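*Asks:* Chain A is already provided as a structure; the job is to place chain B on it using the hints.
For the record, the sequence lines run as chains A and B.
Heads up: the first sequence is residues 5 to 541, going by the numbering used here.
Heads up: the second sequence is residues 8 to 95, going by the numbering used here.
The hints are simulated quantities; they were obtained by calculation from the structure and are not laboratory data.
Computed from a predicted model, the values in this text were never measured in an experiment.
What you were told as hints is all true, and nothing was included just to trick you.
Once the Cα atoms are required to be at most 27 Å apart in a straight line, the calculated BS3-like pairs of lysine-lysine come out as:
| # | chain 1 | residue 1 | chain 2 | residue 2 |
| --- | --- | --- | --- | --- |
| 1 | A | 433 | B | 65 |
| 2 | A | 288 | B | 64 |
| 3 | A | 394 | B | 65 |
| 4 | B | 74 | A | 146 |
| 5 | A | 394 | B | 9 |
| 6 | A | 386 | B | 20 |
| 7 | A | 288 | B | 65 |
| 8 | A | 386 | B | 9 |
| 9 | A | 319 | B | 9 |
| 10 | A | 124 | B | 65 |
| 11 | A | 288 | B | 74 |
| 12 | A | 102 | B | 20 |
| 13 | A | 277 | B | 74 |
| 14 | A | 386 | A | 99 |
| 15 | B | 9 | A | 146 |
| 16 | A | 433 | B | 64 |
| 17 | A | 380 | B | 20 |
| 18 | A | 433 | B | 74 |
| 19 | B | 20 | A | 394 |
| 20 | B | 9 | A | 345 |
| 21 | B | 9 | A | 124 |
| 22 | A | 380 | B | 65 |
| 23 | B | 9 | A | 55 |
| 24 | B | 74 | A | 124 |
| 25 | B | 9 | A | 58 |
| 26 | B | 20 | A | 288 |
| 27 | B | 74 | A | 58 |
| 28 | A | 55 | B | 20 |
| 29 | B | 64 | A | 58 |
| 30 | B | 20 | A | 58 |
| 31 | A | 380 | B | 64 |
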Amino acid sequence: MEDWRIYEHPILEFDRGNEVTIYLDGKPMKAYSNETVAAALYANGVRVFSKSIKYHRPRGFFCGIGRCSACMMEVDGVPNVKTCVARVRDGMHVKMQKTFADRLTPFLNMMNLSPMVYIKMFTKPGFLYEPAMKIMRQFTGKGSFPKDSTGYNSEARAKTQEEISTELLIVGAGPAGLSAAIEAGQLSKDVVIVDDKDRFGGQLIKQTHMFFSDVKYAAGKRGYKLANELVKKLSGMKTVRAFTNTTAVGYYPSENIMLLLRPDNTTLRIRAKKYIVSTGAYEKTLVFENNDLPGVYGAGGVQTLLNVYGIKPGKMGLMIGTGNVSLIVAYHLLQAGIDVKAIVAPSFRRVRGYLVHAAKVRRHGIPIITRHTIVKALGNEKVNGAVITKLDDGYRPIPETERVIDCDFICIGVGLNPAYDLIQLFNPKMVFVPQLGGFVPVRDKQFRITENAYVAGDCSGIEEATTAVLEGRLSGLHAALSLGYGDDSVLQKIDEYEWALKEDRNSSFSTAIRTALEAIPVENIEEVIMNNVRTGS
Amino acid sequence: MKQIVCTCHDVTKEDIEAAIDAGYDDIETLKRITGVTTGQCQGKRCMVLTLNILANKKSLSIEETTKIRAPIDPIPLGALVTTENITH
Chain A
5 MEDWRIYEHP ILEFDRGNEV TIYLDGKPMK AYSNETVAAA LYANGVRVFS
55 KSIKYHRPRG FFCGIGRCSA CMMEVDGVPN VKTCVARVRD GMHVKMQKTF
105 ADRLTPFLNM MNLSPMVYIK MFTKPGFLYE PAMKIMRQFT GKGSFPKDST
155 GYNSEARAKT QEEISTELLI VGAGPAGLSA AIEAGQLSKD VVIVDDKDRF
205 GGQLIKQTHM FFSDVKYAAG KRGYKLANEL VKKLSGMKTV RAFTNTTAVG
255 YYPSENIMLL LRPDNTTLRI RAKKYIVSTG AYEKTLVFEN NDLPGVYGAG
305 GVQTLLNVYG IKPGKMGLMI GTGNVSLIVA YHLLQAGIDV KAIVAPSFRR
355 VRGYLVHAAK VRRHGIPIIT RHTIVKALGN EKVNGAVITK LDDGYRPIPE
405 TERVIDCDFI CIGVGLNPAY DLIQLFNPKM VFVPQLGGFV PVRDKQFRIT
455 ENAYVAGDCS GIEEATTAVL EGRLSGLHAA LSLGYGDDSV LQKIDEYEWA
505 LKEDRNSSFS TAIRTALEAI PVENIEEVIM NNVRTGS
Chain B
8 MKQIVCTCHD VTKEDIEAAI DAGYDDIETL KRITGVTTGQ CQGKRCMVLT
58 LNILANKKSL SIEETTKIRA PIDPIPLGAL VTTENITH
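One chain only, chain B, in its complex shape:
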């Protein structure tokens, strides 16, 4: 019986709570230790859920979010490679 927060990386609510208890109590370090918000959907499903858990646990209001970086959608590596760089 699992409560999945991040479906891309299978991160459960317990994982996040345990990580917060272990001291990873801001979104930047939390995402590095659990992998939440870093899957194929780039946090579209789990970002606000994670922030909610964090805010509830620390009795804070949601203010900060993590920095979003491109690419925001999955992109094949082949698409980023230019002609000159490819050698067969």
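So that you can see chain A by itself, here it is in the shape it has in the complex:
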């Protein structure tokens, strides 16, 4: 079986851990203890991880950070495990979740029912609906119930009532969250930081390029080194309690409680005086034919595979989008010895990312095809090509300009969406700002979105890791101030960081972001909260 792992890399050394064996549907596979299940399967050449719920289409790795649902499998008897975030264990049994209707995939695809049919089917006469649904449900679904109640033993259940109190809870331990925890932890006596991954650092851990801008804060460092530094600083602090593998699943404003899920399937409830949400972002997707085929990945997912686990996503890639993420990932692919066929972008004139990055990939001979977009991915079980087409001035495809590009994976790097889910549970006022990635909360100069919540980093608007660090520091300081800590030196620090943040945003390429950001902050968040309550939104 082909091994897709990278053993020689110009910059990175991969700490894979011990060799272990996992079983996919009974078949043994080589894995390493630091790999996730999805990474290990991918390294062994497995591309199809699941079948979709209705049309039973093959699905595979996509986001790599536990944000989509494409990689859910049955692991040791537990159904619907997100394999891209679950670590391997020696002797682990992984199973693809199958229903008997999976065999009908080609037929179901061919049938192509008219869209509204399945909604209206059997609704008249009414008595047919129930029995018809019963039969139809046999054809759908993901996974089956576990045979025993493993993971729900009494010991675990006893802990479900656990509730802890703290002064400040920070959700998300990326650059923003970690920076906030470090700043707030120096002032406050009790800070809790949680993250749903098994290690802190957020998406920094897969950034191998150097950041630029002000050297004093984060710039000139490679992302994963910055993450290590922040984590090291944090681990030395006695005032900060850190929880990895702990997912925030909800905030209940009426009771002021955050509900979290721990890896042993117990819940944890945290009641805090103040909250900082720094949940980051997730990738945008595109709509084109076969956009769910295994081999169509988010650019960030590819970056995770490449730089965190050292696994080749394929042999020939096609990149969609010319933002910084796409350009950087294209370069990372080259570093790993993977052919990048082209970078395709709908924009007309220039690339959206920094010119430094664009020049770097051009020097290596990757063509940047502007005014084009992808219309179709080719292949049955996995990608084996892509069709791109030229666009006219109104971004409409021009007929008969289609051409096929040979590739075995497609990276979608068309930007990020702020992860606003948790933010919205605090009931702030939300606005849609395309320059910032999508829905962002209205905040004041102190990064406050409601009376007890603050935001920092990409979840409040897509920017860079360097600005996330500064935003995190500022929100951490402001939260600590509002808790009654700090003195004049804190105000000085705030001035310093605010100035650095301004400088960072002053670089010519973020004019759009700057203008959009300046339009958002409001002086008086109380007024916004009041209005929000009044309109009931």
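*Replies:* Quick look at chain B alone, frame taken from chain A:
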């Protein structure tokens, strides 16, 4: 050949457009009739795509999103059950 918008519930672009044509033309009713944004990922992949389709079709700007409710990530039902409520 399908253009999937919601990968969790296999909702295609045609499904959404047909539903909008049938009069389900705001995100709250659209998600109830098609199931879009209500899968395991809770709209992380499809929310903005759906809003885009809606905005394009109705020539509107994106202003409103649907209300987000907890849990925002999948959680086993067993985790929510307390000791007192379990009887074997």
